[in-house]
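Chemist: Heads up: the sequence lines are chains A and B, in that order.
Just so you know, we're using this note's numbering here: the first sequence kicks off at -12 and counts up by one.
Just so you know, we're using this note's numbering here: the second sequence kicks off at 26 and counts up by one.
No lab work stands behind these hints, which were simulated from the structure alone.
Computed list of lysine to aspartate or glutamate pairs in EDC-like fashion (alpha-carbon distance at most 16 angstroms, straight line): (1) B:Lys27 - B:Glu55; (2) B:Lys27 - B:Asp52; (3) A:Lys20 - A:Glu49; (4) B:Lys165 - B:Asp79; (5) A:Lys(-10) - B:Asp174; (6) A:Lys20 - B:Asp79.
The model shown is predicted, which means the values in this text are computed figures rather than measured ones.
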Amino acid sequence: MPKPEILDPQGQAVAGALVRLGVDGVADVRQGKHFELEVDDSVDDETLHRIAGQLLANPVIEDWVVTRA
Amino acid sequence: MKIGVITFPGTLDDVDALRAVRYSGADPVELWHADHDLRGVDAVVVPGGFSYGDYLRAGAIASIAPIMTEVVAAARGGMPVLGICNGFQILCEAGLLPGALVRNAGLHFVCRDQRLRVDNAATAWTGDLAEGQEILVPLKSGEGRFVADAPTLERLEGEGRVVFRYAGGNPNGALSDIAGIASENGRVVGLMPHPEHAIDTLTGPSVDGLALFTSVLKATAAA
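Chain A with its partners taken away, still in its complex shape (with noise of 0.2 angstroms):
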């Protein structure tokens, strides 16, 4: 997700479209991207962290969280 401080301006556009569909109510809406992947039990959690960290997200502006299913 764009760090809390990052201007989200697609974002602000899908806010300012759910106000044109009569949508009352949603104060905010910041837009982000979603992983899933597919991994042997043998990639611990730190692994999935520097995944995050070094080439999914890019830590300037973007905050991460890793969860397993």
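Use these hints to put chain B onto chain A, whose structure you have.
Modeler: Leaving out everything else, chain B in the frame of chain A:
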């Protein structure tokens, strides 16, 4: 003097960058993204376009291409590197320059001739320009808004590493009107506008852009 220009899948402006190198009087050398070989060049231009289709984030995949591991190592050793547009995004993703480039405020792709103010004429790529001088070069980008956290921005400003600033209005919402920045040692420069499109009045709005390519000849000769 040999100056390399990298081509990634999806690069658009490598031909113009090669031509700009030739106009400057240097020998242009084509570099391929999948090679681990800089072919003995003295400087590298990372040109604009949509490398790898801008998948993941603009410049993200290109930043870890085989040729970029060589460019990063050479840049850390002092080789001049210029990143233009997508090339600037790649250098930021590769960690050679701080900050990031994100979607333009207002969402529109901006394509226009843009005035820039030169704020640092001491980098390897701006020695033939004068501080305070205004130049006119094309700007064409949808993700050109420079962002960085407050300490980084303060450092860039404090160390005089903002090289180019948008003049006559901010086209994309970039922080502090920043159009281009330099590395700590002034050898690596990235900017969103396209100096390689402004080297001949037949096709460009000016010939102001050629100065970046002639500047580096003196910088590499002096080093």
